[in-house]
Amino acid sequence: MRPPALEVRAIPNRIAMLGSAVAALGFFFLPVVTLKPNRISAGVPFNLLQFQGDYRYIVLFALALVPFMIAFRKDVGVRGWLLVIVGNLLMLLTLVLPAIAGQHLLANAKQYLGPNAFIQNPRLLPTGGLALGLVGGYVTLFAGLRDLERSGVQGWVRSLAAWLGVAFIFVLLVAGAFNIYSIMVEFHTNGALLQQKFVEHLMFVAVSLVVGFVVGVGLGLWASRDERMAPMILYAVGIIQTIPSLALFGVLLVPLARLGDMHFLPSLEVFAGTVVVAVAVGLAYRLVAGRLPSRVQTAALILVALIVAVPLVLFTGVFVSFVYRAARIGFGGGGGFGGIDNAILALVVVGLALWAGRRWLFKREGAFRLVLRIGYLLAYSGALVVLMVMMVRAAATDQFLGSVTSVQALTIRNLGVSGIGVAPALVALTLYSLLPLVRNTYAGLENVDNAIIDSGRGMGMTPAQIFFQIELPLAFPVIMAGVRNAGVALVGIGTVATVIGAGGLGDFVIQGIVNTSVDQILLGAIPAIALAMVLDAVLRFVEGLLTSPGIRHVQNT
Amino acid sequence: MIEFQNVVKQFPDGFRAVNGLSLTVHDGEITVLIGPSGCGKTTSMRMVNRLLSVTEGRITVEGRDNRDFPAEELRRKIGYAIQQIGLFPHMTVLDNIAVVPRMLGWEDDRIRKRVDDLLELTGLDPDVNRDKYPRQLSGGQQQRVGVARALGADPPIMLMDEPFGAIDPITREVLQDEFLEIQKRISKTIIFVTHDIDEAIKMGDRVAILREGTLVQYDTPDTLLARPKNRFVRDFVGADRQLKRLGLLRVRELMVKDSPVVSLRQSAEDARRAIESAGVKSAFVVDEDGVLRGWVDREGLRENPDSLLDAMSEGDFREIGVRQSATAREALSAMVARGFRITPVVNEKGVLVGNITLRALQELAEQGWAEGEPAS
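Line by line, the protein sequences give chains L and B.
Residue numbers in the first sequence follow the numbering used here, run continuously in steps of one, and reach 557 at the last position.
Residue numbers in the second sequence follow the numbering used here, run continuously in steps of one, and reach 1376 at the last position.
Everything labelled a hint here was simulated from the structure, so no lab data went into it.
The C-beta atom is built at its ideal place from N, Cα and C for all residues, glycine as well.
Careful, some of the hints might be misleading.
Stated by the list, open to error - For the chain L half of the interface with chain B, some residues (derived, Cβ under 7 Å), not all of them:
1) T462
2) S548
3) G550
To be verified - Interface residues of chain B toward chain L, partial, derived using beta-carbon atoms under 10 Å:
4) R1076
5) K1077
6) P1089
7) H1090
Could you put together the complete structure from these sequences and hints?
Here you go:
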């Protein structure tokens, strides 16, 4: 048994009091659910006291006040455990009890809604009381975890305590215990569509992020290697970021439609022309930059950056559209998502293998070095094979370049570029991902201490060794922070892409807005939020895995 | 042997950092480059391993022009330690030290053994420190790892750019002493850059004073202090150069055995006779093991003529004596602080081995002064 933590100074747990207050506020004063006759009509709000035919809800009133009383206990360790239990229970019961009480409401919907209501697929919309109950439970749980931390309970025990309730709720969710709530009703009606839109969303975010990563990190590298190019590149990607996303979609509409109409071979000439102009202007600027007065210099810089950005945007746009189209056809083939599932499974396996090998990752000695090297080789070649399969499968279908018989007939549209649809969304998203990626890559590499590089040179490391063994590992956490920023931002901006017909989770949101249906908005928004959080967590995991423990504490954003 | 032959370094902006430097760095010696900032000392050092290129003239390493080798190959044969240490923060101590051996393709077992040896040599417990990251070490420990890393592949030559510059004065003294001990064993050819004249005198077998890219004087520290070539050198080594010179001499080399010694077992009468026959004012008192226990003088004997124990002044050998390994400067300092004109010299166990007088030290300093004065 754990000895009571008497030595810890026991002041009342104010956070627990707050949790108690929040939950009580919700239960006593706000409606917990709204009974709606169908998706669109406004319904009738109910608070806890108005539930009839079931008196289990009384537990919730009592439970909301419990943390307040526990908060004054002096034994911090026991208090922590009690708060954790109450917090978990509060979250669980806040979801479960109204759902049970709601059975009665739904069964007698006519009675509550009046004889004139158009009842089709009635559902319970969770409202303020329920939300505050959940928040109060979470705050109580958090308060308990703090007490446990103060009384020296181990980290993994605390994590377990924190996630147990959530895990149980998730099990109930999968088991169908919450099907009565409107969002779940909506989910069951639109389940297949949601899966499709989710995959779509995931794909255009992933493709833009990957292409953005290649282009952005490349530009960041260039900027850090060439100090006279650096301001031009940083300005160019900075300007893109200032355009509102909706406007950027609009701005891209016409040029991409025109571009799509072009034949492939002449477009190469146009592209080459823009590259030549950009290079010429860039070189000219580099020559005169030092001699311009500073105010003119900034203006000239912005102009040059814009001109340089043109071929960049062109190339990125065509490239990203092409990759997306290939991936969509290669992985999807229309109906099932078998390819995606396999790819995700492979990623999980590789991730677990890396996790298992993390202890040896930074020791360059021993038998595991060989195993690891082979493992990495396999992972890389596996990724290559997957890509190849994707391309081959894509090329083999009629959807891909099916109607094109010669290079002369090939238009840019065949490569996936068009004015509306996913192409402008991809281009815009990729462009938006550039700023955090370029800036973080540049900053990460610039911030590597010169003395460290000097000692590397002095010991006889070649420039390549210095880059791969010193600069890149040291800049890696900063670059990854940029990737995370970009990824999370893209998931959000991606929901706007629906307005130009790109699809994705934004479809539900915009439909919900049009129909004034909160359920549909949530059906789009909640997966998007979940996706952003999971993406951030996965990237953090990868970052933690590949960052040396020697510098891990420094980068903790 | 490293030879600078009329070396000129001109930077792209036209600044001549080094202007016709000729200098021979002898094998197995520490050659210190020193001078005011901008004198070209670091530039000169960085041209040896070609971190900077030579504009005119040439630098030979073991008889061959250093441009005969590819730069990276040359650098891997030359140890390199800098003031900022520059340890790789994302690598463990082992990996840091193993950088050059790995580039040279050593076997893992050999590398591991070498790293452990180097850690022990630099006073770090291998089992405790091998797998630590630099941020887990103190500044002094990091600098030790820095030195160990420079020694990684056992290079015959080392370049050290103010390696102890960023460390607190007490730790710096310790590291300097330790490094001199290490150098006694490994006898590397070392170019050591510093701006601290005390460090130069302490560490250098020879000291080269540079000014505006040219060599002003190149001599052993003793010669430099005793006979500065011109006003610049005299000012640079400081007005207290005589004291500094005393810092180069060990008490062991200067002490004599002309003071009378009496044992605790002997009588007051024996002590008086010993003092009178030697014609001095006092005698040292030792116990049966020869350990210094105090002293007795004529006055004390006059007041207590019957008992040596009552007549003598007792004192711990650590407080009234100086160690034979101390420098003459430390002995002088101790004598001034205690108000002694003569001080006993003891070994590590406290056994009296000789004595040294204030007058002797004064004469030594004056002699140097007379020699060092320019003829004009």
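Status of the hints after comparison with the structure:
no.	hint	result
1	T462	holds (6 Å)
2	S548	holds (4 Å)
3	G550	holds (3 Å)
4	R1076	holds (4 Å)
5	K1077	holds (8 Å)
6	P1089	holds (5 Å)
7	H1090	holds (4 Å)
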